[in-house]
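Visitor: Chain B: place on chain A using the hints.
Listed in order, the protein sequences are those of chains A and B. Residue numbering for the first sequence follows our numbering, starting at 12 and increasing by one per position. Residue numbering for the second sequence follows our numbering, starting at 12 and increasing by one per position.
These are calculated hints, taken from the structure and not from any lab test. Do not take every clue at face value.
Heads up, the list lumps identical chains together, so a pair's fine if it works in one copy or across two of them.
Below are the EDC-like pairs computed for lysine to aspartate or glutamate, each with C-alpha atoms no more than 20 angstroms apart in a straight line [what the hints assert, rightly or not]: (1) K183 / D301; (2) K183 / E293; (3) K22 / D83; (4) K22 / D227; (5) K199 / D30.
Just so you know, these numbers come straight off a predicted model, no measurement behind them.
Number of protein chains: 2
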Amino acid sequence: MRGGIDLGGTKIQAIVVDDDHAIVGEARRPTPATGGPDDVIAALAEAQREAAAAAGTTTEALAGVGLGSPGDVDAGAGTIAQAGNLPNWRDPVPVGERLGALLGTRVAIGNDVSVATKAEYELGAGRPYRSLLGVFWGTGVGGGLILDGREWLGRGAAGEIGHMVVKEGGAKCPCGRHGCMEAYAGRKAMELTARARHEKGEPTKLFKIMEEKGRDRLTSAVWAKAIEHEDTLAVHLIDRAYRAITTAVASAVNLLDLEAIVLGGGLGVRFGEAAAQRLAAEMRPHLFNDDRPPAVKVAELGDYGGALGAAMLVGP
Amino acid sequence: MRGGIDLGGTKIQAIVVDDDHAIVGEARRPTPATGGPDDVIAALAEAQREAAAAAGTTTEALAGVGLGSPGDVDAGAGTIAQAGNLPNWRDPVPVGERLGALLGTRVAIGNDVSVATKAEYELGAGRPYRSLLGVFWGTGVGGGLILDGREWLGRGAAGEIGHMVVKEGGAKCPCGRHGCMEAYAGRKAMELTARARHEKGEPTKLFKIMEEKGRDRLTSAVWAKAIEHEDTLAVHLIDRAYRAITTAVASAVNLLDLEAIVLGGGLGVRFGEAAAQRLAAEMRPHLFNDDRPPAVKVAELGDYGGALGAAMLVGP
Numbered sequence: 012m013r014g015g016i017d018l019g020g021t022k023i024q025a026i027v028v029d030d031d032h033a034i035v036g037e038a039r040r041p042t043p044a045t046g047g048p049d050d051v052i053a054a055l056a057e058a059q060r061e062a063a064a065a066a067g068t069t070t071e072a073l074a075g076v077g078l079g080s081p082g083d084v085d086a087g088a089g090t091i092a093q094a095g096n097l098p099n100w101r102d103p104v105p106v107g108e109r110l111g112a113l114l115g116t117r118v119a120i121g122n123d124v125s126v127a128t129k130a131e132y133e134l135g136a137g138r139p140y141r142s143l144l145g146v147f148w149g150t151g152v153g154g155g156l157i158l159d160g161r162e163w164l165g166r167g168a169a170g171e172i173g174h175m176v177v178k179e180g181g182a183k184c185p186c187g188r189h190g191c192m193e194a195y196a197g198r199k200a201m202e203l204t205a206r207a208r209h210e211k212g213e214p215t216k217l218f219k220i221m222e223e224k225g226r227d228r229l230t231s232a233v234w235a236k237a238i239e240h241e242d243t244l245a246v247h248l249i250d251r252a253y254r255a256i257t258t259a260v261a262s263a264v265n266l267l268d269l270e271a272i273v274l275g276g277g278l279g280v281r282f283g284e285a286a287a288q289r290l291a292a293e294m295r296p297h298l299f300n301d302d303r304p305p306a307v308k309v310a311e312l313g314d315y316g317g318a319l320g321a322a323m324l325v326g327p
Numbered sequence: 012m013r014g015g016i017d018l019g020g021t022k023i024q025a026i027v028v029d030d031d032h033a034i035v036g037e038a039r040r041p042t043p044a045t046g047g048p049d050d051v052i053a054a055l056a057e058a059q060r061e062a063a064a065a066a067g068t069t070t071e072a073l074a075g076v077g078l079g080s081p082g083d084v085d086a087g088a089g090t091i092a093q094a095g096n097l098p099n100w101r102d103p104v105p106v107g108e109r110l111g112a113l114l115g116t117r118v119a120i121g122n123d124v125s126v127a128t129k130a131e132y133e134l135g136a137g138r139p140y141r142s143l144l145g146v147f148w149g150t151g152v153g154g155g156l157i158l159d160g161r162e163w164l165g166r167g168a169a170g171e172i173g174h175m176v177v178k179e180g181g182a183k184c185p186c187g188r189h190g191c192m193e194a195y196a197g198r199k200a201m202e203l204t205a206r207a208r209h210e211k212g213e214p215t216k217l218f219k220i221m222e223e224k225g226r227d228r229l230t231s232a233v234w235a236k237a238i239e240h241e242d243t244l245a246v247h248l249i250d251r252a253y254r255a256i257t258t259a260v261a262s263a264v265n266l267l268d269l270e271a272i273v274l275g276g277g278l279g280v281r282f283g284e285a286a287a288q289r290l291a292a293e294m295r296p297h298l299f300n301d302d303r304p305p306a307v308k309v310a311e312l313g314d315y316g317g318a319l320g321a322a323m324l325v326g327p
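Okay, chain A solo, but in the shape it has when bound (with noise of 0.2 angstroms):
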């Protein structure tokens, strides 16, 4: 049995998978929002030791642990930096020699998009395909590629589909930069947006729906609520977001001519079926070999894609 933890910017998810990569244990806690890589680490610890015990079984017992993570991952030599949205974490945290060693067994670690693309590739919606692109539409725009069978990472850092540029001097980014897809489409840019226009006398129902959900910030399923009660505001940054992603995913295939495209991520899987058809459909007009379009398909892993992907860090 082998474990994998998925550190996303708000929740631990761990399980534990036999060799069949099927889940036979698993635990769910939040990213601690305060502290330092230190209080991250011990909390990625609880949540491996509490699935391991739902397994049946002990950290020490398996045969390794993959963790899935965003910041700039140095897979060779274990370590974690940049990490933005997790606490008081720049520098590089040697992670996989700190979590190996609370719990007992080898750790080996991976960016967050690329373990849950090659999931997706091996056990989810990616199986039919040699080469595809996954977009995982979240708080940010991450894109995951897998060509001709393996991933492709570059010098380490490839798939920044969010940053790829849909409008030259466009809209600011949370990155900094104008006019990257991310800062049209990402969950984060799209609420930023939200409040100003608010603030500013626009009408909307998003912050309203989202205090009677008792969240402080506008999740999936609050953008959900509010397009189907077609409010306008919602409506028009949604459709904003997908005109950018249509348009930096036909980038990616006009340069790349993949085979498929994997749509995950919280917003993407919440929107489904219904994405992805919209995604083939307003993608069309951009590509430039429109008689051979790549397939579509939505995430199958859903909320376990990065913990699976993470687990086949350390085989099989």
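Guide: Positioned in the frame of chain A, the structure of chain B alone reads:
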């Protein structure tokens, strides 16, 4: 010895190379502007015969001849279709077979931009790198990808960097779509824009320079001369072209995290080192990992890159 032919929209470049890729014979002739595929194939055969004679041999004695071609190239079938810049060439034509019969040796075909990129990777500016994007800035803007030492062709049509979108809902491209990089940076699109603005009364020396040079279109040399004279419209359109190229290339780098960009093509080679430096500098603000930008190099093989890469299609 092997033969290599670069089939361009305006000229045919044929060479004969030895086992060290040294050019031992060459010939050049204009691409037929009228007639049909058989006229083009006859001209290809004549050019290759003449190059063989210059090398002191015959085409029958060559180990094979490679052809780099525009259009929809099916290397396996040996056919070329949809070659928009060649006369009356839409349906697939069995060029490999017909040219082989005329030359008395086997013929392999490939996409013109792909073979030129491969030549730069093996013999030219790309030698130090394992992953690169070739950007061929001419009538259109073509792209070729080498990933981890291998050509990446996708399902056969990868590399359309000229049709990455740099501005949603932007300028109309000769391909019929909107906001493509080539709509701003392709020489053909630039000439259409220059003519339209000149006809509306904008002053420019571009067309006077064109006439002085005895040309009927705005060649790279015409653009270079106009820039030298600080012609306002020419400077504006070239600035716009750089902006579009840098935006698309930066998006490609954010997606693929490449080691290097190799800039070729008529305009790319004409502006040379200055263009490479400008591309590197203007790309920087768009790069997500701006602490590790890719190298930007000028293509070293110049006008012979296409023919040298074509000759590689038949070994060694």
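Visitor: Does the structure break any of the earlier hints, and which numbers would those be?
Guide: 5
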